[in-house]
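Read top to bottom, the protein sequences are chains A and B. Take 55 as the starting number for the first sequence in the working numbering and just add one per residue. Take 55 as the starting number for the second sequence in the working numbering and just add one per residue.
I should point out that these hints are in silico values taken from the structure, not numbers from a laboratory. Because the structure is a prediction, the values reported are computed rather than measured. Just so you know, not all the hints are guaranteed correct.
Here are a few chain A residues that face chain B, going by a calculated C-beta distance under 8 Å [as the list claims (entries may be wrong)]: (1) G217; (2) L224; (3) D241; (4) T396; (5) Y437.
C-beta atoms are modelled at their ideal positions from N, C-alpha and C, and glycine is treated no differently.
Residue strings, one per chain:
Protein chains: 2
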Amino acid sequence: MGSLRAHLLETNPSCELKPLDPEEFRRQGHLVIDFLADYYHNVDKYPVRSQVEPGYLSKLIPDTAPNNPDPIETILQDVQNDILPGITHWMSPNYYAYFPSSGSMAGFLGEMLSTGFNIVGFNWMSSPAATELETIVMDWLGKMIDLPPSFLYSGGGGGVLQGTTCEAILCTLTAARDKILNEIGRDQITRLVVYGSDQTHCALRKAAQIVGIQPRNFRAIETSPSNAFGLSPASLRDALIADIAAELVPVYLCATVGTTSSTAVDPIAGLCEVANEFGVWVHVDAAYAGSACVCPEFRHFIDGVEKANSFSFNAHKWFFTNLDCCCLWVKEPGALVNSLSTNPEYLKNKATESKQVIDYKDWQIALSRRFRAMKLWLVLRSYGVANLRNFIRSHVKMAKQFEFMVQMDKRFEIFLPRTFAMVCFRLLMPSSKSDGKEPARVLEITNELNQKLLEMVNSSGKIYMTHAIVGEVYIIRFAIGASLTEEKHVKFAWNVVQEHAEAIIAALD
Amino acid sequence: MGSLRAHLLETNPSCELKPLDPEEFRRQGHLVIDFLADYYHNVDKYPVRSQVEPGYLSKLIPDTAPNNPDPIETILQDVQNDILPGITHWMSPNYYAYFPSSGSMAGFLGEMLSTGFNIVGFNWMSSPAATELETIVMDWLGKMIDLPPSFLYSGGGGGVLQGTTCEAILCTLTAARDKILNEIGRDQITRLVVYGSDQTHCALRKAAQIVGIQPRNFRAIETSPSNAFGLSPASLRDALIADIAAELVPVYLCATVGTTSSTAVDPIAGLCEVANEFGVWVHVDAAYAGSACVCPEFRHFIDGVEKANSFSFNAHKWFFTNLDCCCLWVKEPGALVNSLSTNPEYLKNKATESKQVIDYKDWQIALSRRFRAMKLWLVLRSYGVANLRNFIRSHVKMAKQFEFMVQMDKRFEIFLPRTFAMVCFRLLMPSSKSDGKEPARVLEITNELNQKLLEMVNSSGKIYMTHAIVGEVYIIRFAIGASLTEEKHVKFAWNVVQEHAEAIIAALD
């Protein structure tokens, strides 16, 4: 069909190009699938972190859109030549940076179906299957991680797919804010206070800023190594009491299971107990580590969640679902709906009026929404619960192996004990160099060494890791979660780290 | 490869299933492409609006996730049997409801590539190509619709891809709010006022609610038939003066080009003149009609935009880009960044510190972001500017034809003159029935007739249209924009409407 079209266009230039022709779609679709399959075959051969310089692409691409069509073959060639060098390869087996985005075959296929149907699922009516599949799949997933029934539809709560944790926090914070303001008066907004720890994701501060919390009323409560950088319920209580004494109104706490810097775990049960006492909404952000809770042996990290108001994790982080897919459950969907519902005439319909359906537009920021449940459904069905648990466990096992290798090398230290599939480690300053120096100066030099090590490793393009600073210590984060990573890649990664460390240490002499 | 895998699994049940195997990806990817190509071949055979009843899917799907994997063949069969009946077919050539989502082959392929690379493009470093392609493509598109240079990167402004207009409004409103609050004090939030018309999309009220504007400070200024339901600058001025007299602080106006109810156009130049005088941020929401501005003959509808602060349209509505893709341009990117930036240690990198790159996370709500520029780039390159203009024009031409057919039938009236590719019309009450009745009663009965007509037409499954109420009049909206729609479908649609109208009129006797 492709050659037929080319022929037609050539012999009859006035022949009309259509935005969608099923046979041309088939031909070009197969080409792109083959392109991507080949990409996955070769992805370990590219530098993991892109090595381009700022502005590289404007030198390769014209500054206006083309007037005439380009064939898909030309475009794919340009993707290969111009785009791929500027891609940081999150799908590479050698990717260990940030938290990996564990895209999978099933996640991809689900997104294809969703994109192909291209429905705009703002309410039930706009495509009942999108809403109903989401409802069903969110209960499936909730049961898999053993959420209390109060978070499931079957128990009066419910789950909804958001794009990201930022949105999940923004929506629940808006709901929590309005619950309080409806009691004490809308103009009391300047008295509201939001709580997290100094390890909480920056999404909380941003959401607080967006919903109009006064910057002076944002609390990033200090954590310490003695609690493994978890938020202490006693510290929370102190902060709450101080704010109430200052005639402020505590409204929302974001507790984290698996912080970004070091996968620290806030003690959910203890925090909920304190927060409940003060009527504060508790959101549990398990963006990364929530996925692990499908394995019974990891479920205890969210013990106490039954006392929280909302819970979320990102299926696009460590649950084999392509970006974006954040799973949010709330106990009280009505609180979301009260804050976020709209009811313009042009969307009115019998199903909504019957109150027998869910209109997810009222559970999120945007009106329009993609059919995200499709990809989650494909992930769950294509792999099944048993395999999904095994995928998670294999990542944890590889992280244990990496941790062991680090422990065996006296030049390094594990900074914090590994909890999930991320290892936080650092190169130590050789004792021959540190002896007699002030501890502060040793810390400073060690931090610089690790920064240098990381930059050298990443510049090699062989693997990609990123850093954090926790309690003034610069640490290297080795996060396993890319779908193609196998044990041989982890061993290779450790060799790369060791080689560069040797060079750095040698240069000290 | 597929049969090999099945064979391996059968003969060796312990054989490990992988989340991503390139050859299995290829096999299953081709199956899904064929599934979708066949779907597009047959999409006109399905009832356009799904005919299922609430709760249909829970009767077909188990209430827990499967423990073991299901083959893709089984899953696709279930999509066919269980999901498709619950899909409202936005891709059908007979779809005329809401505003269509003009998915296309190129939009789909671009989304495939983006989903396949699965990068998380929060900042430049995380995949330079994603940021740089977005920058380039937004300038391409800005030039295509002849945006003033002040909105382009080349002129000190810039464009960014958001998911939806709701997000574009939320981000710009947050920026506008903070610009004022930074001057007058953060605790003055209760004095801020937001403006739109009674025709403005519900996204504005929702955004105002989220950012903490007091509900009593939201102005939906009345429009009238005499201005074709556009917002009059004089009415805006009156509202501003009254609010200032009441010691309130005007902050943001959302002007619309192509309202949802009737594609009404607010007079941008006149509104900007008034708003500028009072220091009010003007956002121009051209969600639907902005796409038409790529055609020089439609560009005049956004004349005056050079005096606005921000401008957005949805490429997923009428620009052949699959959901979701909202194009937002701002004159002052710094205002967005001031409100929305975050700078946690774990995201720090040399490129950001060099200030030579854009980190789009600071231009939007969420941290994580998909590589949306890819699909817009594929749309622009696969079709080219000339064809994209022709696609738009062909929709407008079909809408003219439909309008003409309605005008020729004395039983109907065109409610408002057509401006773009949407026709607003209604069935009239036969004069034999209306003579001697109060006008209010005639309006009431006519509204009921049209409601009944619309429900009958949509229940037939042959076509799908939706309604609005404008100035108390119930109108039927016939929005052309689905990518597969051709003239024959429009003629068919009109026949369907006429047939059902005949039945309704006959029943009056």
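We went through each hint and held it up to the structure:
A hinted interface residue such as G217/A counts as satisfied when its beta carbon comes closer than 8 Å to some beta carbon of chain B; here the least separation is about 6 Å, so the hint holds. Annotation: L224/A was flagged as interfacial toward chain B, and the flag holds, the nearest CB pair being 6 Å apart, inside 8 Å. Hint on D241/A holds. Least Cβ distance to chain B is approximately 5 Å, under the 8 Å limit. Interface hint at T396/A: satisfied, since its Cβ lies 4 Å from the closest Cβ of chain B, which is below the 8 Å cut-off.
With its C-beta approaching chain B no nearer than about 6 Å, Y437/A sits inside the 8 Å limit, and its interface hint holds.
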